[in-house]
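Chains as they are written, first to last, in our numbering: chain C, 284 to 516; chain X, 298 to 482.
Keep in mind that the hints were calculated from the coordinates and are not lab data. Incorrect hints may have been included.
Beta-carbon label-pair distances, calculated as ranges [unchecked claim]:
(1) C:Ser346 / X:Leu462: 41 to 47 Å
(2) X:Ser304 / C:Arg434: 32 to 38 Å
(3) C:Lys476 / X:Leu462: 32 to 38 Å
(4) X:Arg310 / C:Ala307: 35 to 41 Å
(5) C:Ser318 / X:Asn459: 35 to 41 Å
(6) X:Ser467 / C:Thr500: 39 to 45 Å
(7) C:Leu430 / X:His367: 27 to 33 Å
Residues from chain X that keep clear of chain C, each with C-beta distances beyond 12 Å, as calculated [stated by the list, open to error]:
(8) Asp307
(9) Met309
(10) Arg310
(11) Leu312
(12) Ser331
(13) Asp369
(14) Gly375
(15) Ala381
(16) Ser434
(17) Asp435
(18) Ile441
(19) Glu453
(20) Asn459
(21) Ser460
One side of the interface only, derived from the structure: several residues of chain C facing chain X at Cβ under 7 Å [to be verified]:
(22) Ala296
(23) Glu304
(24) Gln334
(25) Ser346
(26) Ile352
We put the beta carbon where it would ideally sit given N, CA and C, even for glycine.
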Amino acid sequence: MKKTTERIEMLAAEYVLGSLEGHARRRFERWMVDSAKVREEVWFWEQKLGQLSAKVPEVSPPSSVWSAIERRLWRHESPVGSAQSRANHRWFWPSWSVVATAAALVMAVVLIQPSPETSQTELSGAIVQADTSDPLWLVSEAGQSNLLKLRSVAASAAGTGKDYELWIVPENGQPLSLGVIPVGGVHEVTLTKQARAALSQSRTLAISLEPLGGSTTGEPSGPILHVAQLYEL
Amino acid sequence: MSQNDNSQDDLMRLLLAVAREDREAFQQLYHSVSSRMFGMCLKLAGQRDLAEEALQEAFIQIWHRSREYHMDRGMPLGWMMSIARYRTLDMMRSRKVRHNSGEEHLEHIADGREGPLDESLRSAGEAQLTGCLDELSDVQRDSILLSYYKGLTHDELAQVLNSPLGTVKSWIRRGLTALKRCLEP
């Protein structure tokens, strides 16, 4: 379909209004990715029609909504292994070798080295890609706080509507989500005792490509892009 | 309208902090705007559980996309409200929430008094958009407001307004075209 000015104006208005639906809506979202002009037209309507929301009566949402948001964003810090996350056990993590084949283009190295200050070993290393000179992410752990830091170096954006999600792949059972990781800047993840134990044992991290905000199933739902096997110095 | 400059400045400050992954700011942001957003999601979805879920999804997106916000997208509140609206619409469509089966507004149609749009929303709509809705015919305006506030699809509008699909589509399109002409500087 040709992107005439008239058509862009009308579709943008109908997109914001909500009456554009189904396949046409998805197609228009692709137009938005491709064209600044289309996005600007959408923003125009968002601001104009948005005024209609101003007088809708406020309603306090139940406190369970905020709890659910916290749980989803920072679930690795909530009390370990909720009954619910164990209940949805339909996904099985393939063996390390299968995953490694699937992610063959990527070579990942993470090192474990003993910390001088503490008796615990500290993780550090990099997630690297074969054809890129800089590492995608640098990984380090800050001592006893069980803080895992990921500094993105050469990682490129996940793409529109996508996020990267970091996982610990345990020796047995479900991967543990460490949440969505941003591209740019430093991302910190606090490991629970359970997560730290699982990582020490399996020494495997993975990054999957997920819908925005991360997998909603509690398991990787998109392709596994990178797998990092840890080695001890 | 509580959308004064001060509160927008506060929201802007919070949003910038959220972009730096400040969780406390995120919680403050939630408490500042969640009632407004939930009111809108609830009006749109007409179902509490779906509205709650949409609000949750919206805030997950706001957390992850706060860095994408910039002034060209409008005021912070408007940007966040748009996210919540799209999430609600997506959920309504994916779960095939129907508005036209046995709901009270159909009775209003039958007795021809009030119409499917409650009066409070119609007058709220009229007060906004700098009077431009006045330039529309009644059916054009009502079709647009029903889509906006209730998330009705073309098919649902055709049923609720008891008119052929093509007619409803052209009401919306002509209404939006007239609105655009009026709103443009």
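Here is how each hint holds up against the structure:
1. C:Ser346 / X:Leu462: 41 to 47 Å: Holds, since Ser346 of chain C and Leu462 of chain X (Cβ atoms, about 43 Å apart) stay within the stated range.
2. X:Ser304 / C:Arg434: 32 to 38 Å: holds, 36 Å
3. C:Lys476 / X:Leu462: 32 to 38 Å: violated, 59 Å
4. X:Arg310 / C:Ala307: 35 to 41 Å: holds, 38 Å
5. C:Ser318 / X:Asn459: 35 to 41 Å: With Cβ atoms ~38 Å apart, the hint holds.
6. X:Ser467 / C:Thr500: 39 to 45 Å: holds, 42 Å
7. C:Leu430 / X:His367: 27 to 33 Å: Since the Cβ atoms of Leu430 of chain C and His367 of chain X sit about 31 Å apart, the hinted range of 27 to 33 Å holds.
8. Asp307: holds, 17 Å
9. Met309: Per Cβ check, Met309 of chain X is outside 12 Å of chain C; nearest 15 Å; holds.
10. Arg310: Correct as stated: the minimum Cβ-Cβ distance to chain C is 19 Å, above 12 Å.
11. Leu312: Per Cβ check, Leu312 of chain X is outside 12 Å of chain C; nearest 16 Å; holds.
12. Ser331: violated, 5 Å
13. Asp369: violated, 6 Å
14. Gly375: violated, 4 Å
15. Ala381: violated, 9 Å
16. Ser434: Ser434 of chain X is indeed farther than 12 Å from all Cβ atoms of chain C, at 17 Å.
17. Asp435: Per Cβ check, Asp435 of chain X is outside 12 Å of chain C; nearest 17 Å; holds.
18. Ile441: violated, 7 Å
19. Glu453: For Glu453 of chain X, whose nearest Cβ neighbour in chain C is about 10 Å away, the distance does not exceed 12 Å, so it is violated.
20. Asn459: holds, 18 Å
21. Ser460: Ser460 of chain X is indeed farther than 12 Å from all Cβ atoms of chain C, at 14 Å.
22. Ala296: With Cβ-Cβ at 4 Å, under 7 Å, it holds.
23. Glu304: The hint holds - Glu304 of chain C has a Cβ within 7 Å of chain X, the shortest such distance being about 6 Å.
24. Gln334: holds, 4 Å
25. Ser346: With a minimum Cβ separation of about 10 Å from chain X (threshold 7 Å), the hint on Ser346 of chain C is violated.
26. Ile352: holds, 5 Å
In summary, the structure is inconsistent with hints 3, 12, 13, 14, 15, 18, 19, 25 from the numbered list given earlier, while agreeing with the others.
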